[in-house]
Amino acid sequence: GVRTITLDRADKLNAVNGALASSLIAALADAAIDDAVRVVVLTGAGRAFCAGLDLSAPPELPTATRADRLDPYAWVGLWVRGVVACEKPVIAAVNGAAAGAGFGLALACDLRIVAASAKMTAGYVRRGLSPDAGVSWFLPRHVGLARANDILLTGRDVDATEAERIGLATLVVPDAELSAAVASYASRLAGGAPIAHALTKRLLAATFDRPLDAALRDELTNIKYSFGTRDVAEAMTAFREKRIPRFDGR
17 GVRTITLDRA
27 DKLNAVNGAL
37 ASSLIAALAD
47 AAIDDAVRVV
57 VLTGAGRAFC
67 AGLDLSAPPE
77 LPTATRADRL
87 DPYAWVGLWV
97 RGVVACEKPV
107 IAAVNGAAAG
117 AGFGLALACD
127 LRIVAASAKM
137 TAGYVRRGLS
147 PDAGVSWFLP
157 RHVGLARAND
167 ILLTGRDVDA
177 TEAERIGLAT
187 LVVPDAELSA
197 AVASYASRLA
207 GGAPIAHALT
217 KRLLAATFDR
227 PLDAALRDEL
237 TNIKYSFGTR
247 DVAEAMTAFR
257 EKRIPRFDGR
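Start counting the sequence shown at 17; every next residue gets the next number (this note's numbering).
Where hints are given, some of them may not hold.
Stated by the list, open to error - When the alpha-carbon atoms are kept at most 20 Å apart in a straight line, the in silico EDC-like pairs for lysine to aspartate or glutamate are as follows:
#1 K240 - E257
#2 K217 - D264
#3 K217 - D50
#4 K240 - D70
#5 K217 - D234
#6 K28 - D46
#7 K240 - E250
#8 K217 - D46
#9 K217 - E103
#10 K258 - D229
#11 K217 - D51
#12 K217 - D191
#13 K217 - E235
#14 K217 - D247
#15 K258 - D247
Simulated from the structure, these hints should not be mistaken for laboratory data.
None of these values were measured; they are calculated from a predicted model.
Build out the structure end to end from the sequences listed, making use of the hints.
Put into structure tokens, the structure is as follows:
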């Protein structure tokens, strides 16, 4: 099924403090190992997706180790890595502003379904800061270096229309239709083959870091493995029987 994880600090526009980050890391880890979960949706409570880091709050995780305390913002990378490490499709349902580290969280997801009124912004330079939460890594991979330079060096907003045009948004829908659109998309993904999703995500994650020959070898290794799975046997049977396959992730 579909697991929805909601950032729930609506009174702070879901700005992330240590406690919220800790709960997000735990929720992502739990979804990643739960075989009943096929798709993960991240969204925000209220009128924002995530306003970034709550700089007014103590930065440390409640469970921070002594080593973590020497680098109290290190957890920012942990919750972004939690998204990337999940081998199930992760959808960002961007219901409102996604700013700073919240922008990074949305970028880390595999897909972004965006409400028409939502805006995304790095905004760091407007505060005298440089990017965090993987923004400088993800953004050029989504939109190219030239556009990333424009967005990050100006700190300007990217509205939903532009996000769709430049490839940041998978889909833009009217605000009132966001929940239904996300549910429909997630349901379609949840009917897919879990092993195929995981292997495809591994291939895509390595795309920019290896030569073509290595990619071809990895594709061959993965597809050989896939042919030995029960999901592929089910797909072949379903094709012959002219029905929709019922995948069980085996």
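Hint check results:
1. K240 - E257: violated (24 Å)
2. K217 - D264: Measuring from Cα to Cα gives roughly 18 Å; hence the hint holds.
3. K217 - D50: holds (18 Å)
4. K240 - D70: The given pair, whose Cα atoms are some 47 Å apart, is violated under the 20 Å limit.
5. K217 - D234: holds (12 Å)
6. K28 - D46: violated (25 Å)
7. K240 - E250: Within the cut-off at roughly 16 Å; holds.
8. K217 - D46: holds (19 Å)
9. K217 - E103: Given pair K217, E103 holds - Cα atoms ~7 Å apart, limit 20 Å.
10. K258 - D229: violated (36 Å)
11. K217 - D51: holds (17 Å)
12. K217 - D191: The given pair, whose Cα atoms are some 29 Å apart, is violated under the 20 Å limit.
13. K217 - E235: Holds, at about 12 Å.
14. K217 - D247: holds (17 Å)
15. K258 - D247: holds (16 Å)
When each numbered hint is compared with the structure, violations occur for hints 1, 4, 6, 10 and 12.
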